[in-house]
Structure formats: structure tokens, C-alpha cells
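Colleague: As a plain string of letters, each chain reads:
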Amino acid sequence: MTEARETPRLRLRGLRSAHAGPFDLTLAAGEAVTIQGASGSGKSLLLRMIADLDPSVGDVWLDGVARTGMTGPQWRARVRYCAAESGWWAESVAAHFAMPEAIAPLAARLALPEAVLGMAVSQLSSGERQQLALLRALGDAPAVLLLDEPTAALDPASVARVEALLDEHRRAGMALLLATHDPAQPQRLGARVLRMVDRRLCPPVLPAMPA
Amino acid sequence: MNPIPLTARDLAVSAALLALDGLLSIGLSLGLHRAMLIAAVRMVVQLLLVGLVLRFVFAAHAPLLTLGLLLLMVAVAAREASARPAQRLGRLVMFAIAGAAIGSATGVTAILALTTALRPRPWYDARYAIPLTGIVLGNVLNGCSLTLDSLLGGIRRERAAIEARLALGHSFALATGRLRREAMRRGMLPIINQMSAAGLVTLPGIMTGQILAGLDPIAAVKYQILLMFLLGGGGGLAAIMAAMLTARRFTDGRERLRLDRLTAAQ
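Taken in order, these protein sequences are the chains called A and B.
Each residue of the first sequence is one higher than the one before, starting from 1 at the first, in my numbering.
Each residue of the second sequence is one higher than the one before, starting from 212 at the first, in my numbering.
In case anyone wonders, no lab produced these hints; they're calculated from the structure.
The reader is advised that the hints may include incorrect statements.
[What the hints assert, rightly or not] Some chain A residues near chain B, calculated using beta-carbon distances under 7 Å: (1) Asp-24; (2) Leu-27; (3) Gly-30; (4) Asp-52; (5) Arg-76; (6) Gly-87; (7) Trp-88.
[Claimed, not checked] Coverage of chain A stretches by chain B, computed from C-beta distances (three or more under 8 Å per stretch; other residues unrestricted): (8) 78-85; (9) 188-197.
Cβ atoms here follow ideal geometry from the backbone N, Cα and C, with glycine treated the same way.
Looking at chain A on its own, in the form it has when it is part of the complex (with noise of 0.2 Å):
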């Protein structure tokens, strides 16, 4: 197997568990790789499973270090998954955020209602949701996102300004790795593509295209 000349940001090797897998892949600081795959294939069991909220067996590494040698909450603060139906605690918007002045700036680009942190969680539309979680999860900058559908609830100008935000993070070294129904997603964000079939990953149909 060849290696990358760096340290690979993330990499699964024979990661599975009973219902999924084994899943081998590695993701590069500032790569985007897309899933793509029926509902039902296993493309959030992946997620869940690389993010540690699912049991699994089989290696994972950040950065060269073994997921092992972290606990469960240290692994998710920096390997951090956005689940397709956003969760929420409280009921205002604010207290699910550590910081919410810094989240301000980041709402405006997303054209979320200017008052949105002021809000209760309730009067959001299930779109606002959506984009907040996914601003709440890149609050304090993981290095690796894996995103469920996080364009799902969305209007194509929102999915643009979505995508613009996640661009500008992968660039700073993120990797991102992303499950979506989207076609033209991948190629919109420069992702390499990936097929869940029955719970296993393979490669296109068609080859990538060139980047």
C-alpha cells in the first residue's frame, strides 16, 4: 500500500462492526471525499462509526495517532460528526453554543435571520437547524467533519453559501468526508467520490473526473 508523503489527516483501516464494513480509506488534511449510496446503504453507520458513537473494531487514526489512545469525548472533539437531524438541549439557540458572539460574523454569511441567536430553537425552520448545527460543529474548528446530508433541508442559494463556508474550512486543512443524495455535490466541492453499496464502499461507477 502506498503511503502518502505526509501523515494522512484521517485513516480507517478495517474499520467495521456487525451491521457495516470493513471499511478501509484514507483522507488527506484539506481533501474532501463524498459518499454517495442509497438510503440505507450504511453511509451514516460509517460516520457514526469513524466518530466513535457506534461501536466498532478495526484501526483509526488522526493525524498518526490511534483513536484508542484518546478517549471517546477528546476523539469527537476533534473527529466531529454532524448527524442529519440536528439534536438541541436547550431551548435557546445561544446556550448550544460556547461562544455565541463568534458565531454571529458566521450566521450573516449563511443569511440566517439576523436575531437567530436570540431565538428559541422551536421557531426555527428545520433549513435554520440544519445550518446551525453544522456552524455549532465547526465552532471550534475540528480537523476532520463528517457530514450527514448537511444540504438536505436546503434552497440551492443556501447550498451555495453551505458549500462556500466548507470550502474555505477544508482549505485550512480540514479533511471532509461527506455523505450526500447531492450528484453535483462532489464536484462542486472538489471531492473525491465514493459509492456505500450494501454497506461496503467502493469506487464510481464512472471513473472521477480529471481535477
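Following the hints, complete the assembly by docking chain B onto the known chain A.
Modeller: Just chain B, lined up with the frame of chain A:
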């Protein structure tokens, strides 16, 4: 002064009121009449049996027999508490959690009362140990069962919120803190309500029983106060233990949320 003896007819008349509840349940489609009937029949049979057993055990003066009966009571209470919640962990796990919470809370409370306040001779005299354990057990069972129900249901309902916090790198303790506190509160609320309403809204059962049986009201009140303290203390211990043990069972060494360990009641 002697208690007024009750006849079987007196009891049958009071049962008519429960039968009315049953009819209301059918009329209002509450679906409770079956459970109510089973519970009522169980109550009568169980109490009559207990009366006979107690007569025998009190007369036997055998500490091992007393201990055996107490353990049996705890086991039955643990089974009741673990069977009630709509969401369950494995049958044995639930029994172990409820047994540990109920057994230790009741044991501590009963031993404290028997060795300090009541001080019968010997302190483990069945005539005191068994009724005292029984009343503490009933309340502790209630608190434990409410705590379990609240926490099991809450964790299932709040799955997305808990996992959102875990995914952000929060600890499992932080991610479930509010739910654990809510479950403990729910378990302790009945006894708090009972204490604050005692004497105003209701005359507590023990006190009423003793007054009906001919005891001086102030002496009966003192007993009731002692019991309320014991029930409050024991109930609180059981609720806290049940919540902590249950929460632990929902996670693993990697601080994941292990909802796969939860099964819905059939």
C-alpha cells in the same frame, strides 16, 4: 380502647367504589379496568397471605426467618419497579438496578430507625423490622420506579440531543445531566408532596390507622413524623441510586450512548 373489627361485608361495600372506577374506565376507554381488577385481586390475596405469614413469623422469633422474609420483600419490590417502565433495559439488568437501589436505600433507612429511634429488643425483632421495612419499601419502590420510567423514556426521547452533545466532545455525564436530575426529581416529588400536604390535605395512612386503632393522636403523629423522615430519606437515596446506575448502563468505556441496550416493553 379497642379497634372496631371489620367484617367481610364491610370490605365488600368498599370494593363497590373500585368497581365504579372500573365501569368509568370502560366508559371512557381508559383501558385500565383489566389492570385495576388484577391489581385489586392481587392486593386482597397478597394482604391476606401476608397477615397469615406475619402471625407465624412474629410468633417464631427466628432472626434467619425474618431476614429471609425481608430479602423476599426486597426482591418482589425490585421486580415490580423494574417491570413498570414502558422502556426497558434487559430484564436482569433492570432487576439488578432496582434491587440495588431499593435494597440499599431500604436497608440503610430501616436499620437506622431500628437501632436509633425505635430500639426494640432485640433491634431486629420481626414485629418491628418487618412492618417498618414494608412501609419504607413501598415508598422507595414508588420513587425508584418513577425515576426509572423518567430516565429510560427521557433518554430515548432525547436521543438526538444527547448524541449532538456527545458528537461535540461533551462527556456522557454532561450530555445526560439534565435528564438524570429530572428523573431524580420525579422520583422524589411524591414524598415531597406527601410531606408538605401531610395533615392538611390528607391524614397519612399510618397515623390514620393508629388513631382508628385507638392510639392517642399526638403519639400517632410522632410515629408519622418519624416515618415521613424515613420515607423521604429512603426515597431520595433510591431515586439517586437508580438514576446513576441506569445512566451508567446506557454508556460504555468510550462514552457512547448505547441505545441498543434499550428494548420497548411488549
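Colleague: Each of the hints needs a verdict: does it hold here or not?
Modeller: Here's how the hints hold up against the structure:
For A:Asp-24, the interface hint is violated, the least distance from its beta-carbon to any beta-carbon of chain B being 21 Å, above 7 Å. Using the Cβ-Cβ criterion of 7 Å, the hint placing A:Leu-27 at the interface with chain B is not satisfied: the shortest such distance is roughly 18 Å. A hinted interface residue such as A:Gly-30 counts as satisfied when its beta carbon comes closer than 7 Å to some beta carbon of chain B; here the least separation is about 22 Å, so the hint is violated. The criterion of a C-beta within 7 Å of any C-beta in chain B is met by A:Asp-52, whose closest approach is roughly 5 Å, and the hint holds.
For A:Arg-76, the interface hint holds, since its Cβ comes within 7 Å of a Cβ in chain B; the closest pair sits about 5 Å apart. The interface hint given for A:Gly-87 holds, since its Cβ lies 3 Å from the closest Cβ of chain B, which is under the 7 Å cut-off. Restraint check, A:Trp-88 versus chain B: the minimum CB separation of about 6 Å is within 7 Å; hint holds. Look at the region 78-85 of chain A against chain B: 6 of its residues bring a Cβ nearer than 8 Å to a Cβ of that chain, three or more, so the hint holds.
For the region 188-197 of chain A, the stated coverage by chain B is not satisfied: 0 residues place a CB nearer than 8 Å to a CB of that chain, which falls below the threshold of 3.
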